[in-house]
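Since the structure of chain F is provided, determine the placement of chain L on it from the hints.
In order, the protein sequence lines correspond to chains F and L. Straight run, no breaks: the first sequence in my numbering ends on number 178. Straight run, no breaks: the second sequence in my numbering ends on number 87.
Rather than coming from a laboratory, the hints here were simulated on the basis of the structure. A virtual CB, placed ideally from N, CA and C, is assigned to each residue, including glycine. One or more hints might be untrue.
[Claimed, not checked] One-sided excerpt, in silico: chain L residues whose CB lies under 7 Å from chain F:
1) Leu17
2) Ile20
3) Met21
4) Ala28
5) Phe30
6) Ala31
7) Val32
8) Pro34
9) Leu35
10) Ile40
11) Pro41
12) Asp61
13) Ile62
14) Asn86
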Amino acid sequence: MSDQTTTTDVPDAAASRQRRWAASFFTIWTGQALSLVGSQVGGFALVWWLTQASGGSATVLATASLVAMLPSVVLGPVAGALVDRWSRRRVMIVGDSLVAAFSAWLGVMAWTGSLQIWHIYVIVFVRALGGTFHFTAMQAATSLMVPETQLARVSGMNQTLRGVLTSYLPPWAPWR
Amino acid sequence: MSLLPLHAIMGIDVATAAFAVAPLFFIRIPEPVRRQKRRDARIVPDIAHDIRDGFLYIWRWQGLFIVLIVAALLNA
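Excised from the complex, chain L in its bound form:
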């Protein structure tokens, strides 16, 4: 901390963030195909359903489930 004060380090943080944001304005990122527009009132149950689907997907693929549990334990 002796060479650069905190505000300068925050300045570096802001400057490097600009490098990450700038290209995103020019480059298209592909989107997955959507089944339908989901801008209606059902959005909350819809999200809950998606999360449940995600967990079930992992649960049913036993190998993946074990790998994730081991990874979680190693990370703790």
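So that you can see chain F by itself, here it is in the shape it has in the complex:
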């Protein structure tokens, strides 16, 4: 036992809340990590499809990149202010579900063979839009769920996850 336990007068309820943050936070975190794996593979597959369908057209790929970046550039600052006044939980649910619904739609289009290049532009835009709000809400939620003493550690875990995802998954995607 450290001397801290004997000198602090933290009430039992607060102490147990401190201990229980990990269970709820990491349940959400694990789900997010899995979802990011799917998004990363999916995003790469979309670019791959575009490249093949357009015969590697620079215009098509540049348009897709532009569409992918616009939401975060234009909406980034606004997203933070909006997420602050909406329920973070609802923002994440709606954001993720919206992206999933469009992925399902795209899957059907690919399945029936009616997929066209502009469909990819639409889904890339929706993904970026959902991602912007989702990422902002998750960051805001993290700082409220994780005790201050553990924030640096969680931040490091997020960085590691991001690094692993961006460096290991793209080579995987076409092989799958």
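Same frame as chain F, but now just chain L:
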């Protein structure tokens, strides 16, 4: 792309998104304390004000401002 067609990969995307959404229905996420309910007509100027506050906060903290500029340049 030879092993899995695009629609299957989209299927994986949807399935993994379900893992992210499902826990959110059961777990409460703390909300910051709000000064007042802001469901009135002033919502747009209010948001503009919040954004301005955010930028001013960064601008006034010189170290943070420099870090953000460097990060933006490195990311480009």
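Hints, one by one, checked against the model:
1. Leu17: 4 Å, holds
2. Ile20: 4 Å, holds
3. Met21: It holds, given that the least Cβ distance between methionine 21 (chain L) and chain F is near 3 Å, below 7 Å.
4. Ala28: Hint on alanine 28 (chain L): holds, closest Cβ of chain F at ~4 Å, below 7 Å.
5. Phe30: 4 Å, holds
6. Ala31: 3 Å, holds
7. Val32: 5 Å, holds
8. Pro34: This hint holds: proline 34 (chain L) lies near chain F, its Cβ roughly 5 Å from the closest one there, short of 7 Å.
9. Leu35: This hint holds: leucine 35 (chain L) lies near chain F, its Cβ roughly 5 Å from the closest one there, short of 7 Å.
10. Ile40: 5 Å, holds
11. Pro41: With a closest approach of 4 Å, the proline 41 (chain L) hint holds.
12. Asp61: 4 Å, holds
13. Ile62: At about 5 Å, which falls below the 7 Å cut-off, the nearest Cβ of chain F leaves the hint on isoleucine 62 (chain L) intact, so it holds.
14. Asn86: Cβ of asparagine 86 (chain L) sits 11 Å from chain F, so the hint is violated.
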